[in-house]
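Undergrad: These are the residues of each chain, in order.
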Amino acid sequence: MQFLTPWIALLAGLVAVPLLLLLYFLKLKRRELIVSSTLLWKRAVQDLQVNAPFQRLRKNILLFLQLLMLFALLLALAAPILSLMSGRARRHVLLIDRSASMSATDVEPSRLEEAKRQAKVYVESLRDPGFLSFRGARDQTMVIAFDKHSKVMCNFTADKRQLIAAIERIEAGHGASLLAEAIMVAQAFSLAPDDQPANEGLQEAAKLILFSDGRIADLDQIMVSTDELTFHSIGESGKNVGVTAMRARRLYENPEEVEVFATVANYNAEPVTTDVQLSVNDDVRAVKSVSLPAAKGEDGSDAGGPGKVAVNFSLSYAEAGVLTVRQLQSDSLASDDAAWAVLAPPKRLTALLVTGGNKVLELALKACPLAGLDIMTPSQFDDANDLSDFSIEQRYDVIVLDNHLSARTLRCRYLVFGRPPSNIDVSVSQELEHQVVVDWRPKHAVLKYVNLMNLYTQKCYKLDLPRDAELLAEFNESPALALVRRNGSVFLLAPFDVLSSTWPFEPSFVLFCYNAVSFLGMQVGQNQDANLLVGDPIVVDGLASGQSALVDGPDFSGSEIKANYSGSIRFPGTEHVGVYGVRAEPAAGGAAGEARLFAVNLLDAAESNIEPVREITVSGTLVQAEAGVLSRANLPLWPFLVGLALLVACLEWLIYNGKMRI
Amino acid sequence: MEKTKATTPRKRLTDLLDPEFMNRLDALDVLSRKILQGKLQGERRSKRRGQSVEFADHRPYVAGDDLRFVDWNIYGRLEQLFLKLFIEEQDLTVHVMADASASMSVGEPSKELFIKKLAAALGYVSLVNNNRVSLSMFADGVVGQLANMRGRNYLHQMADFLLTAQCDGISQFETACRQIASARIGSGVMIVLSDFLFKEGYDAALRRLIGRQYDLYVIQVLSPQELSPDFGGDLKLIDIEDADAAEITVSAALAKYYKRNLTAYCNELKDFCTRRGAVYALANSADSVESLVLNYLRRIRLLR
Chain A
1 MQFLTPWIAL LAGLVAVPLL LLLYFLKLKR RELIVSSTLL WKRAVQDLQV
51 NAPFQRLRKN ILLFLQLLML FALLLALAAP ILSLMSGRAR RHVLLIDRSA
101 SMSATDVEPS RLEEAKRQAK VYVESLRDPG FLSFRGARDQ TMVIAFDKHS
151 KVMCNFTADK RQLIAAIERI EAGHGASLLA EAIMVAQAFS LAPDDQPANE
201 GLQEAAKLIL FSDGRIADLD QIMVSTDELT FHSIGESGKN VGVTAMRARR
251 LYENPEEVEV FATVANYNAE PVTTDVQLSV NDDVRAVKSV SLPAAKGEDG
301 SDAGGPGKVA VNFSLSYAEA GVLTVRQLQS DSLASDDAAW AVLAPPKRLT
351 ALLVTGGNKV LELALKACPL AGLDIMTPSQ FDDANDLSDF SIEQRYDVIV
401 LDNHLSARTL RCRYLVFGRP PSNIDVSVSQ ELEHQVVVDW RPKHAVLKYV
451 NLMNLYTQKC YKLDLPRDAE LLAEFNESPA LALVRRNGSV FLLAPFDVLS
501 STWPFEPSFV LFCYNAVSFL GMQVGQNQDA NLLVGDPIVV DGLASGQSAL
551 VDGPDFSGSE IKANYSGSIR FPGTEHVGVY GVRAEPAAGG AAGEARLFAV
601 NLLDAAESNI EPVREITVSG TLVQAEAGVL SRANLPLWPF LVGLALLVAC
651 LEWLIYNGKM RI
Chain B
1 MEKTKATTPR KRLTDLLDPE FMNRLDALDV LSRKILQGKL QGERRSKRRG
51 QSVEFADHRP YVAGDDLRFV DWNIYGRLEQ LFLKLFIEEQ DLTVHVMADA
101 SASMSVGEPS KELFIKKLAA ALGYVSLVNN NRVSLSMFAD GVVGQLANMR
151 GRNYLHQMAD FLLTAQCDGI SQFETACRQI ASARIGSGVM IVLSDFLFKE
201 GYDAALRRLI GRQYDLYVIQ VLSPQELSPD FGGDLKLIDI EDADAAEITV
251 SAALAKYYKR NLTAYCNELK DFCTRRGAVY ALANSADSVE SLVLNYLRRI
301 RLLR
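Line order of the protein sequences matches chains A and B. The first sequence begins at 1 in my numbering and counts up by one. The second sequence begins at 1 in my numbering and counts up by one.
Chain A extracted, bound-state conformation (with noise of 0.2 Å):
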């Protein structure tokens, strides 16, 4: 037990124990009674009073149980505390998961709000000094939220009542679990000095607590000693089916046609049939009857892991919409329950030849199933690509360079057939001759059905490639293909001349036309944009500068964001899971814009495994899971102190009355 103001006790002590002897000396105010003769109540009272004044002190439990009484209240102006934690003050953070497996209801009423309550518990035993107390030491703390991205909800106080706010402020997201940004801040807000010398204890190390269900993703990278930190594990099972998977995308032979992948997760120790809907818009469309397989043990022969089932849809839909998975079983996390897509509409692609003549490129791409195609000398693409309020973009899908450097390039997906553009990060380092090709990746969508067997060129360019691009097809000292992604475009490089190679001879080359234009205009677009996982920012580019939009999400709408200079907008508020949808407020005199979706999905199996872990292993040492539910450290002693000083005084009025009865 530890008294937080023994001296302001003590000095009330001094006061109040000799006011309340003397309070026993002094005289009563006394009823007047007339009696016949004082005589023999006089030698009573002497009796009585043998040895006065202590004889009247002695044997007398009146003054004892006042002094009784009177103790408690002073001990209780101590402000004793049980236990706990004692020694100088310190720092503590508490850290509190809030990722998607934090939202399981398996306690109730959910993880997040369990951890919460602990971390209040928690914040009500830090020590606080008595309101009488002339020290200032006390603990400081802060509190962190963390899922993906971590979040300070308060900075270092010791101000209850302002933690428990910032606690209570804490919502669930549905992003991952992120721990090594929640401890870097933590440490850099712990490193920063502090600005009372009083508080001699607080240059230690803040304490790290963390309330989590122990499914962290980056615990690897976590460096921290682990006496500095407490984990407190929250969750009890980890009964889950979620969709860890979801992928949606239109035929390339027949856009009209959509197909739907998704995986199923069990992550329940047995078999689980549950049903798997597939909605457009909200309109259910299909149910699949799935039997998941029992998630295998930590000790099973697969290293563990859930029990997945792909299952697959094909649909015809030809506009736009939103195609959600869900699965029907019900479960303690509602999160990974279902996926979203958002699926644009079929569209027949829009082709920009610039050439100065190449009959065999024009010939093949015509052969392709194009909405337009047009052709272009160099002057005039160069002509055009020059006015600013003729926009490439919006009108071409694809624009096929044939030995053509461009000055400029705009936003867009090209082919470029030649020397490749300048500003790409791709350089030249020389030409070489007489390559053939010496391996390809056929399984890549541009090279589908394509054999580059016999593919020889006379000339071609070696390119010095960055890192981050794609090899589809080497020649024997340089890429024969690549696909290189700068700017918001994509760049599908052959650096070579069309006419100085064999490959117009090859039917690949017609092949390898109608795959290219086919992947770049489908599979680079608003549609991987739209598809994103929670906490990923949305990104909306082409707004004219300080435009604003209006952002609507699944558990909010119309918060207002700007466009920048640039003319783009990112909003990184994706923390839950659904459809977000964006609309562009019109320009001046413009009709409104109809709203671009965006499909934020957990899609994260690690995540949607809830089982609660009770070990962590943090800089390579096993952390355990603190035994017990949290219950209050500092239990303050004054009520207990002050009831027994009530009772005490109700003990002394009874033995007074009876004493006082003849």
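All clues stand as given, with none of them false.
Covered by chain A, according to a simulated footprint, are these stretches of chain B (three or more residues, beta-carbon under 8 Å):
no., stretch
1, 95-109
2, 234-241
3, 251-257
4, 261-273
FYI, nobody ran anything at the bench for these hints, they're computed from the structure. Positions of the beta carbon are idealized from the N, C-alpha and C atoms, including for glycine.
Use these hints to put chain B onto chain A, whose structure you have.
TA: Quick look at chain B alone, frame taken from chain A:
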């Protein structure tokens, strides 16, 4: 002695004594354990030789003796003149000393009335038996006295005296006893009625009344409140006589000490009296005078 004013109606004896009680008192008489000298001829044997029917002794005739008392039978045998002496029967003097100090007016029922009734009863018994009765009231001295009453004729005067007497003033028992003793009212039965709560003590005073002259009866009358206090709390007790104050907080312990002291005080008085041949009796003013007189006083042989 306070004189009764002519204008006030005469106090009646029945205010003090019931007729029925008086009837029963008629059968009683005052006893004396000693043979005391009376003043007049009466019905009691005395040590004196005088005229009665009871022979006491012979003595030689001397010139001047009454020839009627010469025992002629002895003269016939011895030819010498002897005179027959007889035991003289004298009357008995009963002194009743009643306390009339202010302290007697305290208590419920009042000690004053109790003492007056008791004095009236004793006086009645004495007067109807032709004893000589002296009634004295004392406080800081003798404040009133009816002396040498004899016969029923004095009953109303006694009642008048008792009923008009006021209890007032401080008590100086010793002064009162000295005055009584020096008044030479004659030897006899001395009955002292008081609460005996005298701060200066009762020893010296009672010593004056103890001796061959008086057959002393001490009757201590206390009120129920004095015998068993029924008040509590923080009190300032004020003595009605000398305004002396005693601050007490009545507790069970104090009450116990009080009763212990009271018992000790009474026992002390009783011992004092017993050692000196006096008779002590304690009376509660809440008890009936009738029962005290008819039972208790007969038991201690003050009355028969």
